[in-house]
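Enquirer: Counting from 1, one number per residue, gives the positions in the sequence shown under the working numbering.
Worth flagging that the hints you see were computed from the coordinates, not collected in a lab. The structure displayed is predicted, hence computed values, not measured ones. Treat the hints loosely; a few may be bogus.
As the list claims (entries may be wrong) - Heads up, simulated DSS-like pairs for lysine-lysine below, C-alpha to C-alpha not over 30 Å straight-line:
1) 704 to 758
2) 809 to 1048
3) 704 to 752
4) 133 to 363
5) 392 to 481
6) 219 to 51
7) 434 to 453
8) 782 to 496
9) 363 to 199
10) 752 to 723
11) 518 to 434
12) 1048 to 972
13) 518 to 529
14) 199 to 174
15) 316 to 496
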Amino acid sequence: MISPLAYTTTAFAPIHKPQSIYEICLSEINRNESELEISSLAYKKVANRIKPVSTTLPENYRIVRRIPTDPLESMPLLPTHPPKFAPGTRYTLERMQSMNINPDSFLWPEEEKLVHHLIRMQELGFAWSEDEKGKFSSDYFDPIIIPTIEHIPWSLRNIPIPPGIFHKVVDIIKAKIAAGVYEPSSSSYRSRWFCVLKKDGKSLRLVHDLQPLNAVTIKDAGVPPILETYAESFGGRGCYGIFDLFVGFDQRALAPESRDLTTFQTPLGTLRLTSIPMGYTNSMQIQHGDLTFLLQDKIPDIAVPFVDDVPVKGPKTRYETRDGFETIPENPKIRRFVWEHLQNVNRIIQRIKHAGGTFSASKSRLCTPSAVVVGHLCTYEGRLPDTTRVQKIVDWPPCSDLTEVRGFLGTLGTIRIFIPNFSAISRPLVRLTKKGVEFRFGEEEQVAMDELKELARNSASIRSLDYSSTNEVILGVDTSKIAVGYILAQLGDNSKRYPSRFGSITLNERESRYSQVKLELFGLFRALKDVRIWIIGVLNLVVEVDAKYIKGMINNPDIQPSASINRWISAILLFDFRLRHVPGKEHGPDGLSRRPRAPEDPEINDDYEEWIDSANSFSFSHPISHNSSAPLSSSSDDFWWPWASNTFAIEILNETGSLQLSLYSLGHLTPSSTTSPSPQVEILSSVTSHSSPSSHPTIPRSEKAELHDLELKRVEAFLINPKRPPDMSDDDYKRFIRFSSGFFVRDGRLWKKDQKMKHKLVVPKERRYELIHQAHDEMGHKGIFTVRLRLLERFWWPQLEQDVRWFIKTCHECQTRLFHNFHIPPTVPIPFTLFRKVYIDTMFMPKSNGYRYIVHARCSLSSYPEWRMLRLENTRTLGAFIFEDILCRWGAVEEIVTDNGPAFVQATEFLSQRYKINHIRISPYNSRANGPVERRHLDVRESLVKAAGGEENRWGMVAPSVFWAERISIQKSTGYSPYYIAHGVEPLLPFDLAEVTYLAPPLTKPLSTTDLIATRAIQLQKRPQDLARVKELVLKARYDSIRHFNEKYSNKIRDFDFSPGSLVLVRNSRYDHDVGSKTKPRYFGPLIVLKRTTGGSYILAELDGSISKLRFAAFRLVPYYPRDIRAIPVTKLTDATPEALEDMTYDPESSHSSQTTPPLTVNVAFSPPSTTTLLHFLTPSRHHQLEISPQLCQYTAREVSTKCTQQM
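Use the sequences and the hints to build the structure in full.
Expert: Structure (structure tokens):
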């Protein structure tokens, strides 16, 4: 029989066909190759495997599953006294005798009868032969439609059938036809198929080679459960059940419209499948999803399907008694755990049977003491490695080379969690795998290999943790210079330790050089991080170490000299555990800590520092004082350390107890009262500020907030001295009592009650600013939501959220790093007539024949391009281009728009003086103002590179043809090409001459002057009304673009319209698209607005009075909110005369508009708040000086300007 892999794929790739059609090509392997070469193809490398298509699944391909009725309504009930066996239609006496349901004599006789009776009742849920195989009902599942992309049908030659098995293969095909799995077909597809032996070594199985189909199928991304977690959940059960669908893929119907894709040629004709095929890329996901859906009510406590296998979990206990086992009251011959398990088995079979499916009777095991689940032998004692895997290790011969050593260690590594002290024993073998070590397999290595074989043969069982039990879960950790070793175990009800897993983490060269003290702490941190997924949810975690000093280090993190040690401690304290010291000679993980790294070990992620930051979600703002003395448990075995930072530290230890407080000041963490520390509540108070209240700004308070603060003072006074205020009516007094009942006073401080016993300290007004400062500035500058919750976890005061909102809004760092991009309301520029307004810019290009630049100009109406290649970009070359290619060709233009490049500025100044051309310079980083030419750069550059065949240095040779194509390409906005708008005729192209596509008749005879003029008039239709129509089309396109812009950015458009004197921030546009400048501030400033130009940009000044000569585009400015105007060192805004200021801020584009009166300019000289402030005003006519009271200094510069104007 020829190998089923005697064909290899040569191409599964898209070819150049419309709509990305896929063509499948396979080539035949040379038949002369040796059998060894063909058999080596049995394993296909990942790179050679056919992968399905990763794309979005259309809605019509979605798999629909449903449960039409309750499947348990018709379920037969198990009798407590099973009757004698009576043959059924399927479960006959012969089949009953062949069913080996009790091979280990695990079941009692009455229980064995009950199992047979259960099979008899549910016989329609089992199949013994092909004709008894079921099929899932369409009431549950719609037929599967194979999702494919557009492709070309494939037709592949079939692999010849060996004559020796020809008749057997034909019989199998006939049986499949009789069962309805195959049906006749006449499609344009032909797939290959072949036969393989089943596990029994006798039976044949037909396998369909559907690689071409898989290559065009949309991938189902579903995956089975994680094997380790899956197997662990089955350990330690009283009994088990194992079920397997009878040819599960045949039981799932395939939609008729997809069946042609599976067509194949047989001796009985062309056939196709009616069910999902084995070998189809999505079959496993479909099968697993179906069983998971049907048994979802039993997951995860009773059964967890795995593709077409359904292992069933028995009870967690066998209900042992002194005399044996607990039995059911109705029948003392049936054990309780067996009865409960068979009830679950009955329900599972009923659900599958009701859906139309059938289990394989020969593979079913209804009640056994153990079961092999994904390579793990699951028993009542726990998990063990599969005996077949262990036997491979035991039978491994002595290693003759390095490859065999690695193979042995790799195979043994799959069961390493079952073998204690694996690292110490395997060290001689691991040493051989190191680079540069001479291979010598001697006596020492053979002894190590034999010992490992013996340990694998006699490996101890491990049990999963019981997360509902309060028994101790013990993590034993030990660290050496080689590795971190740990054992995770749990105490049983008999006080015996049951291991759950053994592990070790090898250390790198840098970590191995740590001191022993540092190693032990680091090992504890790494072990906790490694097992964190298993200890989450544990009720009673105990960590055992053999180093006493670890306890002291964790108790006193403030005395550790190393920042890294403090970070490890902060990560360790994220876990809730008790620490216990164990002498080294009794410490189990000691051997695991001396295990060197093995080749099969997974790569260790050394970036544990990032994990610490992620777990903590913030970093400590200040180290705890070295004089701190945090209260600790005095027990020598256990301790609890309340995790407290310098900023906030309120920990509630026992919410059920009475509220007792022990207050500590922040400075030295020493008791501020003589009250003894309470075991219920310990508080580290940090309400004290780092500076005096008068040194920071006052939080603006509304009248309503001030009334609330006043009410709190009355509540505090009432709680200290409960006397009725004399000015309250009866109704007001009742409301006051209800309000006061939500507070209490303890040690002279007012507290707000909380239903969850997390009472909040009411903070006085003078302390609130410093608290918000700590919660925001010293803890990562988070947003309103995060800062508000940080404070509300510990403190309370009226209008807290409004105060936090104001603080964050006025934070300088947050404003300068603002991510929001605002847009200004767009304007519509009215297009000029033909070449009356020109936009010019240069493009920097790779060097080509000495040329490095392209100067590029566009007409504002027609977008007609003019261009020139330049070797240098200077005033002479740019001036020559403008004069020769624009002015001499199109006449004088009215406006030229460029950027602020020095060469452009000098060239256009000369032209402006000679030809009176108005030069408009865009503001910095405002390329959108030069949009008509900036937008075309990308198209021109890409066309140049493509036309040059990807060779960048050849762009100079193709530039003329590219710009010619730009001129003659029709624009979407106007429907005309720039060439037609400029000249009134369309150009003749080479194919026009070849194919004679022009409409004008050819000149076959001489024409008179009048006829020639008439002909030219027909060809040249450059009329004023045509240009007017083009102008309307351009204007309409711009309005449409504005409308689309408004719809897209409706929530981001802002028109701040800053007035003189406003404080603003300027967007740092230089780094908008710089990937390497993520840490740069997004805005810089603040700056002060002097004037808004007629073109819409702004003139700004520094706070020291220096005026910027640049124009700042409006879209780059956002308002700046100062926290306190006194914190801004303003001395003088301007030091120039009004005439000089007007000249500096003169906008060239305002030449067509009327001159306006210069706006009011404010010169401010702030002095200390206790003295009078002088404000100077400059107007074109005179100088003003006013005296302003200190209260006015609370306002922003814009408000100052307004108020001073009112005083004038």
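Enquirer: Each hint: holds or not?
Expert: Outcome of the hint check:
{"no.": "1", "hint": "704 to 758", "verdict": "holds, 27 Å"}
{"no.": "2", "hint": "809 to 1048", "verdict": "holds, 26 Å"}
{"no.": "3", "hint": "704 to 752", "verdict": "holds, 19 Å"}
{"no.": "4", "hint": "133 to 363", "verdict": "holds, 14 Å"}
{"no.": "5", "hint": "392 to 481", "verdict": "violated, 33 Å"}
{"no.": "6", "hint": "219 to 51", "verdict": "holds, 8 Å"}
{"no.": "7", "hint": "434 to 453", "verdict": "holds, 22 Å"}
{"no.": "8", "hint": "782 to 496", "verdict": "violated, 49 Å"}
{"no.": "9", "hint": "363 to 199", "verdict": "holds, 12 Å"}
{"no.": "10", "hint": "752 to 723", "verdict": "holds, 20 Å"}
{"no.": "11", "hint": "518 to 434", "verdict": "holds, 27 Å"}
{"no.": "12", "hint": "1048 to 972", "verdict": "holds, 21 Å"}
{"no.": "13", "hint": "518 to 529", "verdict": "holds, 17 Å"}
{"no.": "14", "hint": "199 to 174", "verdict": "holds, 22 Å"}
{"no.": "15", "hint": "316 to 496", "verdict": "holds, 17 Å"}
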